[in-house]
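Produce the entire structure from the sequences given, and follow the hints as far as they go.
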Amino acid sequence: MSFVKVKHVREIDWPLPQYESDGAAGMDIRAFVEGGSFTFKPMQRFLVPTGLAIEIPHGFEMQIRPRSGLALKHGITMVNAPGTIDSDYRGEVGVVLINLGESDFELRHGERIAQMVLAPVTRCTWINVEELEETRRGVGGFGSTGN
Numbered sequence: 013m014s015f016v017k018v019k020h021v022r023e024i025d026w027p028l029p030q031y032e033s034d035g036a037a038g039m040d041i042r043a044f045v046e047g048g049s050f051t052f053k054p055m056q057r058f059l060v061p062t063g064l065a066i067e068i069p070h071g072f073e074m075q076i077r078p079r080s081g082l083a084l085k086h087g088i089t090m091v092n093a094p095g096t097i098d099s100d101y102r103g104e105v106g107v108v109l110i111n112l113g114e115s116d117f118e119l120r121h122g123e124r125i126a127q128m129v130l131a132p133v134t135r136c137t138w139i140n141v142e143e144l145e146e147t148r149r150g151v152g153g154f155g156s157t158g159n
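Whatever position you read off the sequence shown (first residue = 1), add 12 for the working numbering.
There could be a bad hint or two in this list.
As the list claims (entries may be wrong) - Between beta-carbon pairs, the in silico distance windows are:
(1) Ala83 <-> Trp138: 32 to 42 Å
(2) Gly155 <-> Trp26: 41 to 51 Å
(3) Thr51 <-> Leu84: 33 to 43 Å
(4) Thr137 <-> Leu112: 31 to 41 Å
(5) Val151 <-> Glu23: 45 to 55 Å
(6) Trp138 <-> Asp100: 14 to 24 Å
Hints listed in this document are in silico derivations from the structure and should not be mistaken for laboratory results. All C-beta atoms, glycine included, are put in the ideal place defined by N, C-alpha and C.
Here it is, written out as C-alpha cells:
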C-alpha cells in the first residue's frame with residue numbers, strides 16, 4: 013500500500029477521497045462548490061475545485077478519471093480524461109468538467125465528481141534511429157486492423 017499526504021485547503025473537516033467498494037480501482041473525490049451549487053449549461057466547461065492538495069510520491073502520478081454514473085445519467089464528463097497530477101504539483105486539485113448533456117445540470121457542494129487512481133510512472137530516453145523494426149501491421153493507421 014502506498015501512502016499519499018493530503019492537505020485541506022478550504023475546510024478542515026472536508027472528506028478525503030475514498031474507495032467506495034472493496035474492488036474499486038479509483039477513489040472518489042468531491043466538488044467543493046462555494047455557495048452550495050453551480051449550474052452547468054450544455055457544452056459549458058468549469059474547473060471544479062476539490063478542497064484538497066496532495067503530495068504524490070516521486071515515481072507516481074495521480075490520474076483523474078470521469079465517473080461513469082455522471083456520464084451516463086447526465087452527460088457530465090472530463091474535458092481532459094484522464095487528467096494527470098504530477099508528483100511535483102502542490103496546489104489544489106481541480107477537475108475540468110463539461111456538460112455534454114442536453115439539459116442544465118446542477119452540481120452540488122460535496123457531490124462525487126471524479127475518481128483518482130495512483131499509478132506508477134515510467135520515464136524513457138529517446139534514441140534517434142534511421143529505421144524502425146518492421147511489424148505485420150506496419151504503417152497502417154486508424155481502422156487498419158478492422159472495424
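Q. Any hints this thing doesn't respect? Which numbers, in order?
A. 3
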